[in-house]
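**Q** Residue-level listing of the chains:
Protein chains: 2
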Amino acid sequence: MLDLQQLQTFRVVALTNSFNRAAAELGYSQPSVTFHIQSLERELGATLFTRHRLSRGATLTEAGRHALAFADKLFGLVQEAKATLGHERTEVG
Amino acid sequence: MLDLQQLQTFRVVALTNSFNRAAAELGYSQPSVTFHIQSLERELGATLFTRHRLSRGATLTEAGRHALAFADKLFGLVQEAKATLGHERTEVG
DNA sequence: TAAAAATACTCCATAGGTATTTTAT
DNA sequence: ATAAAATACCTATGGAGTATTTTTA
Numbered sequence: 000m001l002d003l004q005q006l007q008t009f010r011v012v013a014l015t016n017s018f019n020r021a022a023a024e025l026g027y028s029q030p031s032v033t034f035h036i037q038s039l040e041r042e043l044g045a046t047l048f049t050r051h052r053l054s055r056g057a058t059l060t061e062a063g064r065h066a067l068a069f070a071d072k073l074f075g076l077v078q079e080a081k082a083t084l085g086h087e088r089t090e091v092g
Numbered sequence: 000m001l002d003l004q005q006l007q008t009f010r011v012v013a014l015t016n017s018f019n020r021a022a023a024e025l026g027y028s029q030p031s032v033t034f035h036i037q038s039l040e041r042e043l044g045a046t047l048f049t050r051h052r053l054s055r056g057a058t059l060t061e062a063g064r065h066a067l068a069f070a071d072k073l074f075g076l077v078q079e080a081k082a083t084l085g086h087e088r089t090e091v092g
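Top to bottom, those sequences are chains A and B.
Per numbering that gives the first Met the number 0, numbering through the first sequence is continuous, rising by one, with the last residue being 92.
Per numbering that gives the first Met the number 0, numbering through the second sequence is continuous, rising by one, with the last residue being 92.
For the record, the hints were derived by calculation from the structure and aren't laboratory data.
Hints may contain errors.
[To be verified] Below are the EDC-like pairs computed for lysine to aspartate or glutamate, each with C-alpha atoms no more than 16 Å apart in a straight line:
| # | chain 1 | residue 1 | chain 2 | residue 2 |
| --- | --- | --- | --- | --- |
| 1 | A | Lys72 | B | Asp71 |
| 2 | A | Lys72 | B | Glu24 |
| 3 | B | Lys72 | A | Glu40 |
| 4 | B | Lys72 | A | Asp71 |
[As the list claims (entries may be wrong)] To spell it out: a stretch of chain A is covered by chain B in this simulated footprint if at least three of its residues, at any positions, have a beta carbon under 8 Å from a beta carbon of chain B; those stretches are:
| # | region |
| --- | --- |
| 5 | 2-16 |
| 6 | 41-52 |
| 7 | 55-67 |
| 8 | 71-84 |
The C-beta atom is built at its ideal place from N, Cα and C for all residues, glycine as well.
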């Protein structure tokens, strides 16, 4: 089953173009970020990032760009739902 | 963070009007269903079901009806995303 | 040889189960 | 008394961490 926490990790990696920077930003270890992305790729049946090395980071694949658009819509929907249900918390997730 | 597995449990409870029937249908124990619904209610900040006893089951509250509409939209979006990403699996989740 | 991701492994938090209790009619 | 949900408690799985290795420019 799709995991929203992994999807959030995916968004941060996409934003930073780096597993390491995403890890720092999210307060996870780098291997946890790797695990999140690998799980998500398995779940969605698509490779989301092209992994580079030596300071070039990771960049979205075509499937990754589709997935990012989907993630944005999905978290928007979640925010909307929480607002409708009168919940006061505002962070995504 | 919202858990899609709990949201799916919620849908089945809403459909069957019963924690016990939902448990049977999903292959969970009844306490697990209780736990899913309680977590979800805490996460969303709203009571989703009115609990009855003695064969009368559980019925959606007003917030629960909103949440169900949201869940339907959300799982539809997930299905769409998986289709777009060329994934062949069809079950929700 | 250096920067970044992947792998190996360990551990503990929590999701899930069984047994029991509570509630309401 | 009975049907159904809640609670108590225990266990095992897997998510998260640290240490290390691999990769490639």
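**Q** Of the numbered hints stated previously, which ones are contradicted by the structure, given in increasing order?
**A** 2 and 3
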